Amino acid sequence: MGPALGLLFLIAGLAVAADLADLEINPSYLDITCFYSGQKIKISGTVPADRDIIIEIKGPERKDTFNMKGRIGPFWMNRDKVELEHVPFLYALLLPGNRKWDSQLDALGVGMHNLEKNITIRPKTLSFDTIFEQFIQLKRSQRLYAKLDDAISYSPESKGRKHLTASFTFPPSIVPAEYKVVTTLISNGKADEKSVFNFTVKEVGLTKTIRELAHQRGLIYGLLSVAMALISGAIIGIIFIGGDTH
Amino acid sequence: MSWHIYLPIAHHSVLLPALIGLGFLVGILSGLFGVGGGFLMTPLLIMIGIPPTVAAASDSNQIVAASTSGTLAHYRLGNVDFKMGWCLLIGGIIGSVVGVQIIKVLRQMGNADFLITITYVVMLGGVGGYMFLESLQGLRKTSTEPAKPAAKKKSAYVRLIRRLPYKTRFAKSGIVLSPIVPLVLGGGVGILAAIMGVGGGFIMVPVMVYLLRMPMHVVVGTSLFQILFTCISVTILQAYFNQTVDVFLALLLLIGSTSGAQVGTKLGKKLNADQLKILLASLVLIVMAKMLISLVLKPDVLLS
Numbered sequence: 001m002g003p004a005l006g007l008l009f010l011i012a013g014l015a016v017a018a019d020l021a022d023l024e025i026n027p028s029y030l031d032i033t034c035f036y037s038g039q040k041i042k043i044s045g046t047v048p049a050d051r052d053i054i055i056e057i058k059g060p061e062r063k064d065t066f067n068m069k070g071r072i073g074p075f076w077m078n079r080d081k082v083e084l085e086h087v088p089f090l091y092a093l094l095l096p097g098n099r100k101w102d103s104q105l106d107a108l109g110v111g112m113h114n115l116e117k118n119i120t121i122r123p124k125t126l127s128f129d130t131i132f133e134q135f136i137q138l139k140r141s142q143r144l145y146a147k148l149d150d151a152i153s154y155s156p157e158s159k160g161r162k163h164l165t166a167s168f169t170f171p172p173s174i175v176p177a178e179y180k181v182v183t184t185l186i187s188n189g190k191a192d193e194k195s196v197f198n199f200t201v202k203e204v205g206l207t208k209t210i211r212e213l214a215h216q217r218g219l220i221y222g223l224l225s226v227a228m229a230l231i232s233g234a235i236i237g238i239i240f241i242g243g244d245t246h
Numbered sequence: 001m002s003w004h005i006y007l008p009i010a011h012h013s014v015l016l017p018a019l020i021g022l023g024f025l026v027g028i029l030s031g032l033f034g035v036g037g038g039f040l041m042t043p044l045l046i047m048i049g050i051p052p053t054v055a056a057a058s059d060s061n062q063i064v065a066a067s068t069s070g071t072l073a074h075y076r077l078g079n080v081d082f083k084m085g086w087c088l089l090i091g092g093i094i095g096s097v098v099g100v101q102i103i104k105v106l107r108q109m110g111n112a113d114f115l116i117t118i119t120y121v122v123m124l125g126g127v128g129g130y131m132f133l134e135s136l137q138g139l140r141k142t143s144t145e146p147a148k149p150a151a152k153k154k155s156a157y158v159r160l161i162r163r164l165p166y167k168t169r170f171a172k173s174g175i176v177l178s179p180i181v182p183l184v185l186g187g188g189v190g191i192l193a194a195i196m197g198v199g200g201g202f203i204m205v206p207v208m209v210y211l212l213r214m215p216m217h218v219v220v221g222t223s224l225f226q227i228l229f230t231c232i233s234v235t236i237l238q239a240y241f242n243q244t245v246d247v248f249l250a251l252l253l254l255i256g257s258t259s260g261a262q263v264g265t266k267l268g269k270k271l272n273a274d275q276l277k278i279l280l281a282s283l284v285l286i287v288m289a290k291m292l293i294s295l296v297l298k299p300d301v302l303l304s
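Chains U and Y, in that order, are what the protein sequence lines are. Under my numbering, the final residue of the first sequence carries the number 246; numbering is consecutive throughout. Under my numbering, the final residue of the second sequence carries the number 304; numbering is consecutive throughout.
Quick caveat, the hints were computed from the structure, so don't treat them as lab data. None of these values were measured; they are calculated from a predicted model. Keep in mind that a hint or two might mislead.
The following label-pair restraints were derived from C-beta to C-beta distances [claimed, not checked]:
| hint | chain 1 | residue 1 | chain 2 | residue 2 | range |
| --- | --- | --- | --- | --- | --- |
| 1 | Y | S282 | U | P27 | 20 to 30 Å |
| 2 | Y | Y75 | U | P27 | 51 to 61 Å |
| 3 | U | I72 | Y | S233 | 43 to 53 Å |
| 4 | U | E116 | Y | I48 | 50 to 60 Å |
| 5 | U | A227 | Y | L267 | 40 to 50 Å |
| 6 | U | A227 | Y | Y75 | 18 to 28 Å |
| 7 | U | D50 | Y | I48 | 42 to 52 Å |
| 8 | U | I72 | Y | I102 | 24 to 34 Å |
| 9 | U | A191 | Y | V97 | 55 to 65 Å |
| 10 | Y | I93 | U | F128 | 25 to 35 Å |
Subject to a maximum C-alpha distance of 30 Å in a straight line, what follows is the list of computed DSSO-like cross-link-like pairs (lysine-lysine) [to be verified]:
| hint | chain 1 | residue 1 | chain 2 | residue 2 |
| --- | --- | --- | --- | --- |
| 11 | U | K63 | Y | K298 |
| 12 | U | K40 | U | K162 |
| 13 | Y | K290 | U | K147 |
| 14 | Y | K290 | U | K81 |
Idealized CB from N, CA, C, for every residue including glycine.
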């Protein structure tokens, strides 16, 4: 049975929140089963008719180590180890299709370049800008970072409010964690209100059992893996030998 | 029904038929040439988005299955020299322990990756080039007329191994040799395999052919027997220390590779030794060329 429909309300400034926006994420959480291959989530709700909304989906923040290639003689080789702290594993920026947003993103405090503010890169001797650009490029190639223009659409306003719908597909390579759905309301070209929803991605069933066994009982897991391989190899070998005798 | 499967350790969803097909292809090479195929499989897995550490460790796990299947097939054909296999294996284990220490020192000195890659390219180029030329000459000779036995001057290597003590007969290989030779050569391959981070099948096979003078078909079976034990130890160590073995990934690959290994063994029976060697040499040279190109061309993304 699929995850139940969830209803999450903006937690920003309780007195005004209800006036600004109410949103719903469907499904409200994501289960990673053995057959997970990415999943679409739908975000819908209403905002005041005179406001725009930008949605960021991000998380979990972690410390990652990468190899940085450089030129050694005629060859491109791994030259430095680079450590990036406070980098979200996934980042998606969902924008409304009613106008071009590129020039405003920095001022609104959203977008990939806004992540620079929190990220620490070590060693400090390396160029921050170069590494950050390469990092974004790497994440984009892994389909883990994306800017989605026209991802949010509005319906005609009614009673001073407009209905919005947006969708985002969680990519096939995803880690179980608490993700954040951050909404920013825009009024007269300025960020008006930011709110944060938690969105849980969790492993279930066999996927969860395997990961827990691998991490908590490594030796048993290793021995079982070898036993499985030996038995499978032997069975296939015997099947083929049996086939040969006919 | 979904054709995708989520790999819990790699945290990546992959297409089932693609993985099984990949395993089948590499399994054919394994059965045909007696190589584990790690030097080919690991880069292919990385290309489809599997993290490198998980790709290498899970590949070791699936090679256990492919080499079990391949060893059984070759054992049935009388192609496994267990005595030689044990000598090479013991030497290989000692060599890999030494190799791991060498890598530690190289990493402390910096540029270890550079040295590893250059070793890889030189080894692949040297071994592949030599095998290719040698087997080409062999094929030309057999296509013209039987060669007259040449009165070759014995090399220093031959004179040396003939002087070594404790000579014993390796019946399956049809050679009489001191066990010191396979122990030392196995050790050398173990060192190189540890430095290069591969199982070493593609170095071990030429070593058995050219330095131990074993018949090609016995080489393939014996190499698989030795690879089996190497990969068992690698799988357990990786699972215990690094938690990088993805059993789902290994299972899917081995479904393909075990069948592929059997097909490879059957194909191998239809080819003569020189044809087998020239095919393996071509494969090794293609991998070397690909590595060389990736070293010279600027990568799209500098971080990895």
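Going through the hints against the structure:
{"no.": "1", "hint": "Y:S282 - U:P27: 20 to 30 Å", "in the structure": "violated, 52 Å"}
{"no.": "2", "hint": "Y:Y75 - U:P27: 51 to 61 Å", "in the structure": "holds, 53 Å"}
{"no.": "3", "hint": "U:I72 - Y:S233: 43 to 53 Å", "in the structure": "violated, 33 Å"}
{"no.": "4", "hint": "U:E116 - Y:I48: 50 to 60 Å", "in the structure": "violated, 31 Å"}
{"no.": "5", "hint": "U:A227 - Y:L267: 40 to 50 Å", "in the structure": "violated, 29 Å"}
{"no.": "6", "hint": "U:A227 - Y:Y75: 18 to 28 Å", "in the structure": "holds, 20 Å"}
{"no.": "7", "hint": "U:D50 - Y:I48: 42 to 52 Å", "in the structure": "holds, 47 Å"}
{"no.": "8", "hint": "U:I72 - Y:I102: 24 to 34 Å", "in the structure": "violated, 20 Å"}
{"no.": "9", "hint": "U:A191 - Y:V97: 55 to 65 Å", "in the structure": "holds, 59 Å"}
{"no.": "10", "hint": "Y:I93 - U:F128: 25 to 35 Å", "in the structure": "violated, 45 Å"}
{"no.": "11", "hint": "U:K63 - Y:K298", "in the structure": "holds, 27 Å"}
{"no.": "12", "hint": "U:K40 - U:K162", "in the structure": "holds, 23 Å"}
{"no.": "13", "hint": "Y:K290 - U:K147", "in the structure": "violated, 33 Å"}
{"no.": "14", "hint": "Y:K290 - U:K81", "in the structure": "holds, 24 Å"}
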